[in-house]
Amino acid sequence: MASEPTYSEAYQSGIREEMNNNPKIFIMGTDLQERGGHFAQVKGIAQEFGGERVRDTPISEAAMIAAGVGAAMYGMRPVVDLNFMDFALGAMDEIINQAAHIRYMFNGSVPLIIRATSGIAQAGAHHNNSFESFFAHTPGLSVAVPGTPWDVKGLLKTALRADDPVIFMMHKKLTGMRGPIGGPEDLVPFGKARIAREGADATLVTYGYTLIPAMKAAETLAAEGKQVEILDLRTLFPMDMDAVIEAVKRTGRMVVVDEAPLFASITAEIAATASEAAFDSLKGPIVRVGAQRAPLSADPGMVEATIPSISDIEAALRKVLSY
Amino acid sequence: MVGEVMGTREEMLAMLRMMMMIRNFEETADKLTLRGKVSGGMHNSSGQEAVAVGVMSALAPDDVIATTHRSHHHTLAKGFSAREVMAELMTKATGVSKGRGASMHLGDVARGHFGGNGIVGAGMGIGMGAALGIKLAGDKKVAVGFVGDGGMNTGRTWEAVNMAAIWKLPLIVVVDNNQYAVETFIERVTAGGDLPKRASGFGLPASTIDGQNVLEVKDAVAKARDFALAGNGPTFLNAVTYRYYGHNVGEKGQYRTLEEIEDWRTNRDPIDQLAARLFADGLLDQATFDEMTASVEAEIKDAVEFAENSPNPDPADVMLNVDSGKLRG
Amino acid sequence: MEEVFIPALGMAMEEAYLEKWLKHPGDAVNAGDVIALIETDKAQVEVACETAGTVGKHRFEVGASVPVGETITVVLAPGESE
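Chains as they are written, first to last, in the working numbering: chain Z, 1 to 323; chain C, 1 to 329; chain F, 1 to 82.
EDC-like cross-link-like pairs, simulated, lysine to aspartate or glutamate; straight-line CA separation at most 16 Å:
#, chain 1, residue 1, chain 2, residue 2
1, C, Lys-37, F, Glu-14
2, C, Lys-168, Z, Asp-56
3, F, Lys-42, C, Glu-251
4, C, Lys-326, Z, Asp-163
5, C, Lys-252, F, Asp-41
6, C, Lys-37, F, Glu-70
7, C, Lys-37, F, Glu-15
8, C, Lys-252, F, Glu-39
9, C, Lys-37, C, Glu-305
10, Z, Lys-24, C, Asp-139
11, C, Lys-31, F, Glu-70
12, C, Lys-31, F, Glu-3
13, C, Lys-31, F, Glu-2
14, C, Lys-252, F, Glu-46
15, C, Lys-168, Z, Glu-52
Hints listed in this document are in silico derivations from the structure and should not be mistaken for laboratory results. The structure presented is a predicted model; accordingly, all values stated were derived computationally and were not measured.
Okay, chain Z solo, but in the shape it has when bound (with noise of 0.2 Å):
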């Protein structure tokens, strides 16, 4: 049997066949047609579209997004792929101030994905940011964080048939991860979490990369007798609050996890607003586990310092199962 395809060739198999089947859609970015994309996303597929519809671009972040938001508002629809989510801030402007605010004046849309690679791997301080709250924040837009290939290839594909700014991050670490993926219609919907292993005792609610050690450390609780559910959230917004709160009220006892630094961050959104929905099924307050307010170092022994452990991970659950 051959292999299960990997989360970068997930990407390759939605954009390819949501190109066949939509004309307006194109990809800019730096790099694309001869290397297939920094972490090889479109590889093979300017060979197959060509390159009016496969488009090296200047690494001019700003001009790559003004050129998204202007031939999308225009009714193509474009992907632009910055490699790095750390490259957005060069066009910031044109993601919060003019792509995510044209529908609401303007009376017209903006489909255009915004795809990179986002995530703590060892790159340093200015390729590792994890600028997830900063979009979902952000009226106008969603977010998308698939955690496996079948998510990548069903988010990308509910993306590129609706009509708005998607900012679509995929994890560097996942990038090799192999597993199933869906055929031409198995589309994901955005704002539907996932429930990735089942558990009566505690909630761990997640996204991204940090499902791995989510996963470990839920083994570890098992080994321990102590059944952990965990929920994947797979879009940032909209946020799949309803399946929040309802495993509150299932278990009564919830940890957040992400890599991003905890101050502000998206896990204290679940946790502010899961609280205040289903207090009284609580039986103790929620715990969250984030990343250390620092940039992130190259050297991977800082990296570790700096970022959620399997055991950071297992003492949250331990504290949350001793209510």
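Starting from the structure of chain Z, add chains C and F where the hints point.
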């Protein structure tokens, strides 16, 4: 001058009337702003009418524009009614942007107006994107990206010019150059001085034109449009003009001499220049001119009444059109 | 009759402090004469009239905080009354 390049007498009179209408609109709106009836800051374009009217006279109705914080003149010349622009200034539901944008955010994508913009240089980038859309769709249209002289010193402008040039996009960059970036004289902050020289470094045709001469603007844009439609790519036009009022209504800065302002008003006014020329050429007589003046006054008076009698947007609609809703299930 | 009012001079300006009356009821004024001094959140501002005539009643006293757009006095043309 009347002929195949400059157009018919009717077209010339239409240009004159449009400039007169914009002037009356702006002076009326200025007073309404001082009276506290306009929300969100107001940028008066009086003095710059020839740039807007010259550009729009050379465009086809479905060509696309994207513009700046000072865009009443572009919007009116593009064909939006005085009623809907005035209503927008007063944030009325009947306005161009349904009362959500006011002076700085006039736009209607469906009508080829990709928006005014509160961020310097950003509208030009969107115009470049529209030109990419036009090219990919295979349409025979152009996009005009307006930018001010202030936008000549923000990096995004030149990123966009470069991209338009390498991809030969059907874009016309029009610098609506009123010479002051808010209160800073452009020459004080612009190295090299010569804007077309900067632009021509990207390998595209670039020139300075008299932004007070509506016919010269129209002619230059018509040529740029033909150039773009032939697949040759973008053109950069630095239209030098002057604003008679402050950067925003209420600004009382003393960064320009009264003599300078008076000189532009008296000797280089775009409306006076065109009217004088049409009188001299026998294309305009006093009775026609008086009739135009009266009809413009009536139009603006009607626009103010319409705006004042229109409802504000319904606060219950605050969440309407934040996004399409399609991703929220 | 010209209404002389507190001009809106900024996005955040809602009212102004009436600092001084320079012209008084019955004074003859020319276009451009400064009628009053006001203080906004940013600066001291001269409020001038646009027409010649006779100043009418003061509608506010020095020291008042007057909302933007509010008429503070009028300039009467010959033969006009308030």
